[in-house]
Structures are given as C-alpha cells and as structure tokens.
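Student: Sequence:
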Amino acid sequence: MNWLTQGEVFQDALRGLPRWLEPIAQAVKGVKAKDLTQFVPTQGRGTHSAVLVLFGEHKDILIIERATDSSAHSGQPAFPGGRVEDFDQSAAEAALREAHEETGVNPGGVTIFAQLPDLWIPVSDYVVSPVLGWWHESGKVGPRDAREVASVHRIPIADFVNPHNRVRIRHPSGYVGDAFEVNNLLVWGFTGGLLSTLFELSGWSVPWDRDRVREL
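Using this note's numbering, read the sequence shown as starting at 1 and increasing by one per residue.
One thing to keep in mind: the hints can contain errors.
[Unchecked claim] Calculated lysine to aspartate or glutamate pairs in the EDC-like style (CA-CA distance at most 20 Å, straight line): (1) Lys59 - Glu22; (2) Lys140 - Glu57; (3) Lys59 - Glu181; (4) Lys32 - Glu181; (5) Lys34 - Glu200; (6) Lys140 - Asp60; (7) Lys59 - Glu137; (8) Lys32 - Glu22; (9) Lys32 - Glu57; (10) Lys32 - Glu8; (11) Lys29 - Glu8; (12) Lys140 - Glu101; (13) Lys34 - Asp125; (14) Lys59 - Asp159; (15) Lys140 - Glu65; (16) Lys29 - Glu137; (17) Lys59 - Glu200; (18) Lys34 - Glu8.
None of these hints come from the bench; they were simulated from the model. Owing to the predicted nature of the structure, the values given are computational and were not obtained by experimental measurement.
Based on the sequences and whatever the hints tell you, model everything.
Tutor: Structure representation (structure tokens):
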C-alpha cells in the first residue's frame, strides 16, 4: 500500500465550504506527517484504517465514545472510523462507511474536502488516514451498535479550545500528550493530539496552561 505522505485538499469541494472552515482547509494543504505527529508510518507497517474528522454547521466536531468492551481503544473518545476494507475504493469511502455504521451519519450529507497524511498509532499498529469532512446536511446521530459505540457527541470547537478545558495527560508509559475535558469526556491519545495540532495550524487555538499535567 502506498501511504499518503502529505495533506491533500480537494479543490472542487472548497467552493462549497463555509468561510469559517477556510483556515483549516488552507492549513492542511501540503502538511506532512511529521508536522502532525512523531509517529510516522513506514512502508509495510500496520493495518490501514481511516477516521472521519467531521465539522458540523454549528461549528462542532463529531466524537464517539467507544464501548468499554470494544476490542480497539476500549472506552476512549475518538473520531468515527475503522479499518479500510478491500472493497473500499478509498480512505474517504471507508471513513464515511464506518461513520454511517457507527453513528448513522448520512454519507450523502458530507462533503469531503481534505485528507491528511497517513499517521501511525504504535499501540495498535494502525496506519490511519484522517479524512476531513463538512457536514453540510446533518441529521440525527447516535450509537448504532452498543457493543462498539457507547455514546455520540457533537462538541463545539469553542469548547475544545477553551483554555479551561485543556490539559496534558501523562500515560503510564511516560508519554505526555495534549487532551481535552469536554462533555464529561477526556479526549486524549491520537484524537486529542490530532485535534490540538489542527487547532494550532489553523490559528483557532488560544493560549492555555501547558504545565497542567494529569496522570491517566
């Protein structure tokens, strides 16, 4: 499999984006994996998966909470997504399919406008393709299979970037990463780190206390 090594913006989709999303679209154009994470995939490594970073019309982002007994990243908040199957035509198609299966998102109501470079999650050995979408026609969403998804949340970007909701989490391994305390969830790990970087790149982030570190 040939990994995507830098961010790709789909020009045809940009014409339909609201103006408030333009900073994120411009920020990810040409961005490289090393700009987003220290965990950069190499050829032949990991299982390919895709996640949907979905921006809603209320300036929010769709987050799921995985079931506590799910096999992958049990109990963690995450972007909807999952493994890219052989029948998927692209990472974007896989991300939309998984989002529909997990939350009921209608793929027809989503405009995919960018794809980030592929990133590696060492703990699960997944190579992840983050796909960015504009939810131009949103609808009701919720867990479709309680064995996989415990809850579904539309969290305002303003809540994510609120300094009072930002914290750094120290994993027992010693790794320290950015996190968010929102909607009674602790959004950390891959999801928290990617969101934090996207907010920085787009200029949406505001100063916060990076010395506020908590143990996981």
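Student: Look at each hint and say if it fits the structure.
Tutor: We went through each hint and held it up to the structure:
Taken as a hint, the Lys59 and Glu22 pair is honoured in the structure, with Cα atoms around 12 Å apart against an allowance of 20 Å. At most 20 Å may separate the alpha-carbon atoms for a hinted pair to count; Lys140 and Glu57 meet this at roughly 13 Å. At roughly 18 Å between alpha-carbon atoms, Lys59 and Glu181 fall within 20 Å of each other, so this suggested pair holds. Between Lys32 and Glu181 the CA atoms are separated by roughly 28 Å; this puts the pair beyond 20 Å, and the hint is violated.
For a cut-off of 20 Å, the pair hint linking Lys34 to Glu200 stands: about 15 Å separates their Cα positions. Taking the CA atoms of Lys140 and Asp60, the gap is near 14 Å; set against the 20 Å cutoff, the hint holds. Between Lys59 and Glu137, the direct Cα distance comes to roughly 13 Å. Compliance with the 20 Å bound is thereby established for this hinted pair. For a cut-off of 20 Å, the pair hint linking Lys32 to Glu22 stands: about 19 Å separates their Cα positions.
With a C-alpha separation of about 28 Å, the suggested pairing of Lys32 with Glu57 is violated against the 20 Å cut-off. Our distance criterion of 20 Å between C-alpha atoms is met by Lys32 and Glu8, whose separation comes to about 10 Å. Distance hint between Lys29 and Glu8 is fulfilled; the C-alpha atoms sit about 6 Å from each other, no more than 20 Å. At roughly 13 Å between alpha-carbon atoms, Lys140 and Glu101 fall within 20 Å of each other, so this suggested pair holds.
Between Lys34 and Asp125 the alpha-carbon distance is near 17 Å, which keeps this suggested pair within the 20 Å criterion. Taking the CA atoms of Lys59 and Asp159, the gap is near 10 Å; set against the 20 Å cutoff, the hint holds. Restraint check: the Cα-Cα separation between Lys140 and Glu65 comes to about 17 Å, which is no more than 20 Å; the hinted pair holds. Restraint check for Lys29 and Glu137: the C-alpha separation of about 24 Å exceeds 20 Å, so the hint is violated.
The straight-line distance between the Cα atoms of Lys59 and Glu200 is roughly 16 Å, inside the 20 Å bound, and the hint therefore holds. Our distance criterion of 20 Å between C-alpha atoms is met by Lys34 and Glu8, whose separation comes to about 15 Å.
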